[in-house]
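Student: Chain L is already provided as a structure; the job is to place chain R on it using the hints.
Spelled out from the first residue to the last, the chains are:
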Amino acid sequence: NAGVTQTPKFQVLKTGQSMTLQCAQDMNHNSMYWYRQDPGMGLRLIYYSASEGTTDKGEVPNGYNVSRLNKREFSLRLESAAPSQTSVYFCASSGAIGLSTDTQYFGPGTRLTVL
Amino acid sequence: GENVEQHPSTLSVQEGDSAVIKCTYSDSASNYFPWYKQELGKGPQLIIDIRSNVGEKKDQRIAVTLNKTAKHFSLHITETQPEDSAVYFCAAIPYSGGGADGLTFGKGTHLIIQP
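Listed in order, the protein sequences are those of chains L and R. Residue numbers for the first sequence follow our numbering, so the first one is 35 and each next one is one higher. Residue numbers for the second sequence follow our numbering, so the first one is 160 and each next one is one higher.
The shape of chain L in the complex, shown without the other chains:
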């Protein structure tokens, strides 16, 4: 039981390049989330998916798109990377029953640098 897995672990991009961050969970959770973590800022929600087939914007969605590919997988895409998107990105999942108060479990993170 791997929990939440993320790929890649590290990535360096040039401004304007695109990339997709992958996330998968094996806990049969309904809800999945993408957060970014910047120094001194805590974690901020980018997008979330309450259930397969639905996605919603969080606090900082600009510059990102997401796809809930199936119940297990939730990807985050940067279409045209900017230096302001340099951050550590965490995927999380929660809830066999999709309630907001279910515990969220986090992956190990992807450290992204945009030059």
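Source of the hints: derived by calculation from the structure; they are not laboratory data. The C-beta atom is built at its ideal place from N, Cα and C for all residues, glycine as well. Mixed in with the good hints, there may be bad ones.
Have a look at the derived ranges for each label pair, beta carbon to beta carbon [as the list claims (entries may be wrong)]: (1) R:Lys230 <-> L:Asn99: 21 to 29 Å; (2) L:Val46 <-> R:Gln219: 38 to 46 Å; (3) R:Pro274 <-> L:Lys48: 41 to 49 Å.
Tutor: Positioned in the frame of chain L, the structure of chain R alone reads:
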């Protein structure tokens, strides 16, 4: 939206002493308050959580208290050990029925346990 303030940003205590981290929140609809521990290079891990129908919860050396009237909650760690050194985040989320929503995090407290 919700706003979570966390204090202090850095806390240094002697091994064996107690540590207290405090958070306040702004949205009176919030009713789930988890605490996460993050070690260097890893994703956040849930250590304890509390729901609004209780005022205190304890798990071995860790306890959380909640004051809904004052809209604040605190993490208490007793008999601190070197392995308690990490960054701790508080978070809050309102109950949203059959859906899901992201957590709003505080900015974190770097806890340092001095030998």
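Student: Mind listing which of the numbered hints don't hold for this structure, in increasing order?
Tutor: 1
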